[in-house]
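A.B. asks: Chains as they are written, first to last, in the working numbering: chain Z, 1 to 207; chain A, 1 to 464.
The set of hints was computed from the structure by calculation and includes no laboratory data.
If you're wondering where the values come from, they're calculated on a predicted model, not measured in any experiment.
For every residue, glycine included, the Cβ atom is placed at its ideal position computed from N, Cα and C.
Careful: at least some of the hints might be erroneous.
Said to hold, decoys possible - Selected chain Z positions facing chain A (in silico; Cβ < 10 Å):
no.: 1; residue: R9
no.: 2; residue: Y159
no.: 3; residue: T170
no.: 4; residue: S175
To be verified - Sample of chain A residues with no beta-carbon within 10 Å of chain Z, all distances over it, derived:
no.: 5; residue: M186
no.: 6; residue: P275
no.: 7; residue: W300
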Amino acid sequence: MSSTQVLSRNAILDSVRANQPAARSMPTIPHFHTNQPADLLATFSQSIARMAGVVVTDHVRDLDSFLRTKFPDAKIICSAILEYAGTIKPASLNHWSEASTIDVCILRSPMGVAETGSLLLSDLELQVNTIAFLAHDLVVLLDPKQIVENIHDAYQHPYFKLRPYSVLMTGPSGSGDIGGIVVHPAQAAKTLTVLLAPAPEAGRRTG
Amino acid sequence: MSAPVDQAKNAEMFLSDTAHEARLDKLLWAMRLRRDAAARQVPEWEELRTLASEIKEHTLSNLSQYLLQFEAKASANGVIVHWARDAHEHNQIVYDLLAEQGTDILVKSKSMLTEECELRPFLERRGIRVTETDLGERIQQLDDQPPAHIVGPAIHKTNHDVAVLFSQKYGSDANNEDTAYLAGVMRENTRPDFLHAPAGMTGANFVVAETGAIVVATNEGNADLSANTPQLHICSVGIEKIIPTTESLAVFIRLLARSATGDAITQYTSMFRGPRKGAAMHVILVDNGRSERLGMQRFWHSLKCIRCAACMNTCPVYRRSGGLSYGATYMGPIGIIMMPTFEIRKYSELPFASTLNGSCTNVCPVKIDIHEQIYGWREVMEENDQIQVVKKEAMRVADKVLSHPTLYQLATATLSTALEVLPHFAIYNRLNAWGKHREVPQATTETFHQWYRTHRPKTNEVER
Chain Z
1 MSSTQVLSRN
11 AILDSVRANQ
21 PAARSMPTIP
31 HFHTNQPADL
41 LATFSQSIAR
51 MAGVVVTDHV
61 RDLDSFLRTK
71 FPDAKIICSA
81 ILEYAGTIKP
91 ASLNHWSEAS
101 TIDVCILRSP
111 MGVAETGSLL
121 LSDLELQVNT
131 IAFLAHDLVV
141 LLDPKQIVEN
151 IHDAYQHPYF
161 KLRPYSVLMT
171 GPSGSGDIGG
181 IVVHPAQAAK
191 TLTVLLAPAP
201 EAGRRTG
Chain A
1 MSAPVDQAKN
11 AEMFLSDTAH
21 EARLDKLLWA
31 MRLRRDAAAR
41 QVPEWEELRT
51 LASEIKEHTL
61 SNLSQYLLQF
71 EAKASANGVI
81 VHWARDAHEH
91 NQIVYDLLAE
101 QGTDILVKSK
111 SMLTEECELR
121 PFLERRGIRV
131 TETDLGERIQ
141 QLDDQPPAHI
151 VGPAIHKTNH
161 DVAVLFSQKY
171 GSDANNEDTA
181 YLAGVMRENT
191 RPDFLHAPAG
201 MTGANFVVAE
211 TGAIVVATNE
221 GNADLSANTP
231 QLHICSVGIE
241 KIIPTTESLA
251 VFIRLLARSA
261 TGDAITQYTS
271 MFRGPRKGAA
281 MHVILVDNGR
291 SERLGMQRFW
301 HSLKCIRCAA
311 CMNTCPVYRR
321 SGGLSYGATY
331 MGPIGIIMMP
341 TFEIRKYSEL
351 PFASTLNGSC
361 TNVCPVKIDI
371 HEQIYGWREV
381 MEENDQIQVV
391 KKEAMRVADK
401 VLSHPTLYQL
411 ATATLSTALE
421 VLPHFAIYNR
431 LNAWGKHREV
441 PQATTETFHQ
451 WYRTHRPKTN
461 EVER
């Protein structure tokens, strides 16, 4: 740290110490769970639909066939999951900006959030973080058993204390900046499709 | 020393365009209604507001400790932490980082702090091209205007305005006013900068002391692209944005988007704890008057703000005068109580751009007593002799009349006759701010006191 930086740091901290009000206590934060048994999958599906994400409830036996049917013009399919090869893997990208060549990206999320319809992704699943943003269309596998009730539960996930990058992704990109009407896409993915699929066996990791 | 911003005069210009004014009012009120509906869906909404307020007050009252904790954690994660006392120091740090890397293009996501520091002109004067990647912010950049709203910087513009602007700047079809088409034009024109810019910049909605993480919420994905695609990620953050733990973050995430747009969450709620392999991440902790405000007994609560803009959407003055009328980085009710801490004379008129109806306080997710603070700032302006002569004289007269019942009764009794006989110029002049854009309402022929004297029950009627 330069001498100017040390001066600035000390000046700010001194000023904060001199001005901060008398200490107030930190409240206890409840988890706000509903007491009734909730259909987490149904709530998740409704929540993500409000954000323009789509959940495919039918079991998809043949992933390749599903992708070819849904995205017939896709040339580059990047797979970040073990159970599907795709046409490329994230590791084959030399630069993170090369992810813009991806038509469809397939990923697995380790957690869904019923309250908001969010999917957790981190640098562990993505390997190249930009694949989730520069690819045109996203397909995300989610184990229905890995859906938690609310955001309080979600932030208990160890990723938020361990991973360099993590994101709660809720639908494709959108913007309401013109006329207050939300349109999709904005800068990132154009569509987001969730496929329900049990997590790989213990010991096998995605990627 | 700058002359006071005349919000009322600026608002006149906006009001003269009735189509824009009516549209903005309708749009913002719809956002307020969506916020109400979203809040009703959460049974613990009021408890969350109380928690958010208490967490912020706890953090701000222990701010030095949390700043040090964040610095230690972030540094351990491989983040380089900088400290900036003011806007100039902040801008210089950013420039030095870019210059060191030989960068001439910067992609950045929306950050009110960088607006506050006037970073963009600072960098542009030094030969660095800055591309704002938030759609609304980019529209404002192309139109050479500051943001008019914290969440939707170009919310005051119509589709037609944007179509014409994009056609001039990007060569798109000026007659195509479809929102999806216009968002597509932005996407096409911004994507190359994302792919080629060596550096990206974001602000932060929250900073987590416990983990050294910064948290950014967007709908467009532009912050994730700005931070993840280039080799260099710079994050500017005000020191008041710190919260203690990831557990406490949940409270704010549940409140933020619901208060802003009525959505349960933003499309992307991203957490950056450290750089990827081979890349660099810098966080600049900026004071710029915040630590001083922390010592203002009446006003430090404004530092709890999470920038949701709910107070703007509900404010009748903001909705009808537009954000640019405030001539300030932060506008609307929250701007009124923040801006005078930057420059008291320049923003001395802002506390009067309010009806003090308290709606802003009622919707604030962190329970800032906004309208009480607005009133408090009026008192400060009076104490510091910052009130215009006309306003001061009017208040002096009102004080005299209202504190003397006989004078008050005489004034109200003669009002009706006076309005009938006085010539137009005597009623509508610079002393009557109310009558600037409105017809003075017709006074009743009888005051309440006169009516009461006629209709009050006789003493013996009451006894009976």
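A.B. asks: Just pull the numbers of the violated hints for me, sorted ascending.
C.D. replies: 5, 6 and 7
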